[in-house]
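**Q** All chains, please: the whole structure from these sequences, using the hints.
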Amino acid sequence: MSCHEVSNFNEHTTSTQIVPDGVSTKCKRPELSILIYNKPFNALLDSGASVSAISEEIFASIKRSIPEGQQLSILPVTGVTISTAVKGRSRRVTTQVLIPFSIFGHTTDCICLVVPHLATSIILGDDWLTQNKVCLDYSERLVRLTHWNLDVPFSKSLDSGINHMSALFTMSIYPQDCARSITEHCIASVDMISQQLQLSTNNNMINSLKGTPEDDLEPFDHITEHLSSILNISSNQLEQVVGLFHEYHHIFRTRPGLNMLFTCRFNVSEDIPFKIRPYPVPFARRPAVEKELARMLQWGVIERCSSPYSNPIICVGKADGSVRICLDARRVNKIILPMRDSSPPLDEILARFGGKAIFSSIDFTAGYWQVSLHRDVRKYTAFVYDGRTYQFCVVPFGLNISNTAFQQALESVLSNPVENYKEDGLGDLHIYVDDVLVSSTTFEDHIRRLRLLFKKIDVSGMSLKFSKCKFLRYKIKFLGHIITPSGMSMDPSKLSAIHDFPVPRHKKDLQSFIGFCNFYRKFTDHHASLIGPLIALLKKGVPWRFTEIDVAHFNSVKSAFTERFLAHPDFTSEFYLQTDASHLGLGVELFQVDTSKERQTIGFASRTLNSAEKNYSATELELLSIVFACEKFRVFILGYPVNVLTDHKALTFLFRCRLRNARLTRWTLVLQEFDLRIQYITGPSNVIDALSRNPVNRDLITNQSDSFGIFMVTPRKLLSEYQSRIESFHHILREQQMDPALRKVVDILSNQSLVLSAIAERYCMYRDILFYRRHPDSDRWLVCVPLHRIDELISKIHLHFGHVGPKKCIAAIREVCYFRSLSVNVRRVVKSCDTCQRAKFSTVRTEGEMQHVLANAPLQRVCVDLYGPLPSGWNHVKYIFVVLDCFSRFVRLFAIKRSTTVVVTNRMVTDYIEVHGTPKTVVSDHGVQFVSNVWRTRLTALGVSVTTTSVYHPQSNPAERVMRELGRFFRTYCHQSHTEWPRYVQYIEWVLNNTVHESTGFTPSEIFLKTERYSPIYEAVECPPRSSDDFMVKLTMAAEVQRTKAEERRIRHDRRGKATKFLIGEEVLIRAHRSSSAVDHQIKKFFMLYEGPYKIVEIKSNNAYVVADPVTDQVRGTFNIIFLRKYTRPTTNYQ
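Going by full-length UniProt numbering, 544 is the number at position 544 of the sequence shown; the sequence numbering is gapless.
The hints are simulated quantities; they were obtained by calculation from the structure and are not laboratory data. Careful, some of the hints might be misleading.
Unchecked claim - Only pairs whose alpha carbons sit at most 16 Å apart, straight line, appear in this in silico EDC-like list of lysine to aspartate or glutamate:
#, residue 1, residue 2
1, LYS291, ASP320
2, LYS1095, GLU1066
3, LYS1045, GLU998
4, LYS379, GLU303
5, LYS318, GLU292
6, LYS878, GLU980
**A** Listed below in structure tokens is the structure:
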């Protein structure tokens, strides 16, 4: 029994057993019939599959049957490859989907990978079986659905073709694809662990070093200049400040300290051990991971243990090559009971700043790591690494109680009395979440409070991060407000999304803005009168014009939204984040709902996307908007439940996914510390859509991108040619006087008394250059090109625009130049371009007359070829040696292990010639086996004429038709098990030889073996006796049918166009056949298509030509006409 729940099934267990019609309980496959959008499907239950999967074909059919108004939740996935249970080779997976379905009336869902060519329709893997407490009882052949108290017998598979296969599939995650995507499993060496055990005298003890090593101290370089630049203080005061920092220099450390006054202990809802499979880590990153783990062991952040729990860990790369190791705490967070201390009301905190003049904000070094975990709860933070189990000794990042634990640790520090210090010094210390602010009225009070705070931190053992602290400020940002000695104001960024809303560019932008304002109209005064002039611009038939008056109305509407519009947060009510993303930017709103169900907005935010973010997928952009919102309003929502409203349904199951791409993984780590509940809303109800489509600085980004345009970047190799062509254009146009026809027009225009109206209407002189226009009323003047420089100009333009074709070249020249027969001349010059003839495909089909490969009797002409290599099958054979008689079409198929010359020659002589007779001619392609001396010598000795087809032209070998038939047969019979092909070779040979061939009207066996025609009907019915046909009559009829069929093929071929013919002495190019080379960094696609030119020296037949070098007369070879192209010598020397 394969169970996913600890339970016993005995004679007392009662459940409902469902037996579908026609299902035998003795079948071998555990399958369930499920309904997806009311369509039935069979789903295989596979406890060996780590994830669930659905075939790409079934997924496509489900998408087509989705009811109107519903949609599937789809997310991308990277770095995942399925290696078995797929048809053919391994398949890469790029999509995962949340599939809703029902089982016998019970509704559920499952996250499935969409797998191309999956061998079965749907696989419900271990993840779904565990979630729904499903047991597979193989002894009783029952699927026990304990969650719904149902027993379902194993059902027969509809996929009969894979009944003998295991549906278990293996998922591979490649390091190069998932270096930053899915969560990573750290690999450490035994040497590194031994080294850490030597460094610590007791690895169960948390290392809290009272004496701070010098390397851990933050440098105080240029501290005097830094302090004097932020606050105007006297030299005496500056000396006090510097002295204070040097006195407590040891608490400013890069290494986190440890709070000796507080230990974090939390409660869990259930104490049932779990183990989540660790994620892989790329080999290239493992040294950095080992180094980071060594540091964490040395600092006492982690320790060795034997915990029954196991969480995955995630390794996120940093810019300097190091890594940050985080705990993927999604599973343990489900069982940790929340610890929420209520914060004081925001108004009460802000009221304490009245009369304060100097402010300082405090930041701790890796604050969570400075809070010790109680030994009883450390086991829940354990993770497995290289077969060893470790657990956190301190509060890790990612726990849902991390922030509360840190707040309680701070309270223990501040409440701890210190000798010889007045305890009223911290009355103006403000703590909210993880923000700590010290405020004072005078400089002396501020120094005294900082000294007391530093002393308490020193006594507790914690440490500060000097680079992130802000000391002695007159103006500071705290809890969404700007605090100064003169008073307090709301952070302008809260309403910047509205006040900086860009000017509408068209009616759609204005509609979006008006819809947004109407939604919040109750927060403005005289809204209807303000928005009225803008609504008038949207009336049907009114053309779009946004004048300065309209801009003034637009700004007045934005100004109506004042600070009175925003509400203070109520920490006893739930928070709501409404987010949206577009191809332009992000828009978010933080709000709450009061007792009267009214929406109370706390703040807005929006921003544009950078160039990299514009390439993100829709899902990534929507998640980015949530990350942006959480970071923007972190001070309010951290530690409190937040409902995230999004119109992107795929995000609703994001946190349930085990597989995500790199960006989604990093962002979900960031969001772990927040208590988010993602809810789906429809697109039309998402009012924040207006902010995402019109973010702050939209026009700035748009104008910048528009000003870039597209610039031509000339490669350095072509730069000199480019500059020389520009100069040549100048010289060409300056030679108009050398053209007699143009000089005559110039003379007429220069002599006012001889100017003719017809000439003056069409020609003009401008800066000593003659121009022409095609119509008397046109203002588009074209420069006249002298006759003797036309070919050069065409050639230069052709080269300048990258060897474009004649149509584009004509368009480029016609726009600015004029000369007679422009199209004819351009086509003539471009046609003769040497580079184009070599590099471009021919648009004219080069094909000769159809030549018939006919024989007049059996064994007059025999064709041979090799088929393979094939998957190694019975007796380790991998090739098929094909021998075809061209007259009768009788074929022999020999399965061989190796395709060497000796093996092929022995088969031909021993198994064909000695059995069937000696052929007059044997035709083959240019395979190495058939051009070797062994093949030619042995066959020639038997009186056989050995010939070959044209180079690179297998079509002239009739045996190629047999090759195509072999492929059809093997696809028919061996598509499930490819290694079974040798068992079908003799059967295929029998079929080919005992079916009527179209080219003769007889079966090959009738003509070649002189046997009677076979039919399976003769085995069932006895026919009346009949006289047998004369064999010579059959030969005559077969020869006549061959000639008739060949003539029909020739007529059909000639209808497609006139055949091409070359004459002796004509120059041609030969189609090149180059191969790619990884060693030389060369690719086949970049080589010239043709090489040459060569000249025709002999005509073998109408379609085969012998070519030779035109200079040395060395023969290049014999080529079929389809590989030849007529060569035209360049008309100019400028190419």
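**Q** For a C-alpha distance cap of 16 Å, please report whether LYS878 and GLU980 respect it.
**A** OK: LYS878 and GLU980 at ~11 Å, within 16 Å.
**Q** Given the hint that LYS318 pairs with GLU292, does the C-alpha gap stay at or below 16 Å?
**A** holds (12 Å)
**Q** Tell me if the straight-line CA distance from LYS1045 to GLU998 falls inside 16 Å.
**A** Distance ~8 Å between LYS1045 and GLU998 Cα, so the pair holds.
**Q** Hey, LYS379 versus GLU303, does the alpha-carbon distance stay inside 16 Å?
**A** holds (11 Å)
**Q** Run the distance test for LYS291 versus ASP320: straight-line Cα separation, threshold 16 Å.
**A** Holds: LYS291 and ASP320 sit about 13 Å apart, inside 16 Å.
**Q** Tell me if the straight-line CA distance from LYS1095 to GLU1066 falls inside 16 Å.
**A** holds (5 Å)
Taken one by one, the earlier hints all hold for this structure without exception.
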